[in-house]
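Numbering (the working numbering), first residue to last: 1 to 282.
Hint data in this document are derived by calculation from the structure and do not stem from the laboratory. All of these numbers come straight from a predicted model, not from anything done at the bench.
Derived DEER-like restraints, expressed as beta-carbon distance ranges:
1) N9 <-> L260: 45 to 53 Å
2) L78 <-> T16: 25 to 33 Å
3) T60 <-> D184: 36 to 44 Å
4) N111 <-> R191: 22 to 30 Å
5) D32 <-> Y72: 16 to 24 Å
6) F142 <-> A172: 12 to 20 Å
7) G68 <-> A172: 29 to 37 Å
8) G194 <-> N27: 19 to 27 Å
9) G146 <-> Q236: 29 to 37 Å
10) G68 <-> P133: 40 to 48 Å
11) D226 <-> G113: 36 to 44 Å
12) T16 <-> R191: 45 to 53 Å
13) G131 <-> T16: 42 to 50 Å
14) N111 <-> K188: 22 to 30 Å
All C-beta atoms, glycine included, are put in the ideal place defined by N, C-alpha and C.
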Amino acid sequence: MSIILDKINYIYGQGTAYEIQALKNINLKIEDGEFLGIIGHTGSGKSTLIQHLNGLTKATSGAIYYNGADIYDEGYPLKELRTKVGLVFQYPEHQLFETTIFEDVCFGPKNQGLTKKEVQLRAFAALRSVGLPEEVYYHSPFDLSGGQKRRVAIAGVLAMQPDVLILDEPTAGLDPKGRDDILDQVAKLHRERGMTVILVSHSMEDVAKYVGRIIVMNQGSIVLDDVPGNVFAHYQELEAIGLAAPQVTYLMHELREAGLPVDVSATTVTEAKNEILEKLGR
1 MSIILDKINY IYGQGTAYEI QALKNINLKI EDGEFLGIIG HTGSGKSTLI QHLNGLTKAT
61 SGAIYYNGAD IYDEGYPLKE LRTKVGLVFQ YPEHQLFETT IFEDVCFGPK NQGLTKKEVQ
121 LRAFAALRSV GLPEEVYYHS PFDLSGGQKR RVAIAGVLAM QPDVLILDEP TAGLDPKGRD
181 DILDQVAKLH RERGMTVILV SHSMEDVAKY VGRIIVMNQG SIVLDDVPGN VFAHYQELEA
241 IGLAAPQVTY LMHELREAGL PVDVSATTVT EAKNEILEKL GR
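Can you build the whole structure from these sequences, using the hints too?
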C-alpha cells in the first residue's frame, strides 16, 4: 500500500486577484509503514499538502493514487478513503463536538456502519491506546487540557482503524512532558500496528527523534527529501528558508571544528552522546 502524488498543483483563489499557488508540481511517494516528517516555515504548503492526502482538498491539477487507485476518478469512495487516511488537525477543539469524550470517539466508527458493540469496543481500545484514564471517558471533552484534547482527537481517528495517521502540529502549545507523552504514544502505535504516520511539525528535535524520513517544504515545493541525518546536514540551506537544525547538529559541528572528529550526522541527544563517548574512547 502507498500514497503517490503525481505533479500536484494547488492554487487558492484561481482566476481572482488574490490567486496564490500553494503547491507546485509535487511528486511524492509515501510507502506503507513509513514514519514521515514534513517540515517548512509557515506558509510553505505543509498543511495544504496533507489535506490533499485524504481528498479533503482537491488539487487544481495532477493525480493522487491510494493503493494504486486515482482518488479523483469518478465514483471513487472518498468517504471510505477518509477512514483509511485519518487526519488530526492542529487545533483538536475543531474535531471535538460531542457531549462526552466516549461519544466523541464513537462518532467515526458509528459512521462506518458498525454495530453498537463494535463501535464501543473500538472506542474503548482507541482511548486506551492514547493513554487516557477511564475515569474521564464520560467527561466533556471541553473540560480537558490541551494535551488531553489532542489525545481524544487522535483516539477519534484511531477508532476508525486507519492505515495512515496524519498529525498536523500535534504538540503545538504543549509543555515538554506533554509533547513527549503524545509523540511516544504515536511512536508506539507505529511500532505495534505498523501504521503509516505522517508528522507535520515545527520542532526539529521532535522530527529528528521520531521520523525515518523528512520532507522539507518551501514556497509550495519539496526542496529536500531524505533521512534526518542527511537533511540536517544541510542546516545552512534550512536556515536560508527560515528553518533550523536540531541543537545537537550545531553542537556536533562545533565539536568537529574544535578538533574532535565526531560524525556530524547525529541528530538526537542519544546519538550525539554515543558518538562523543566513542571518539573520547569511553
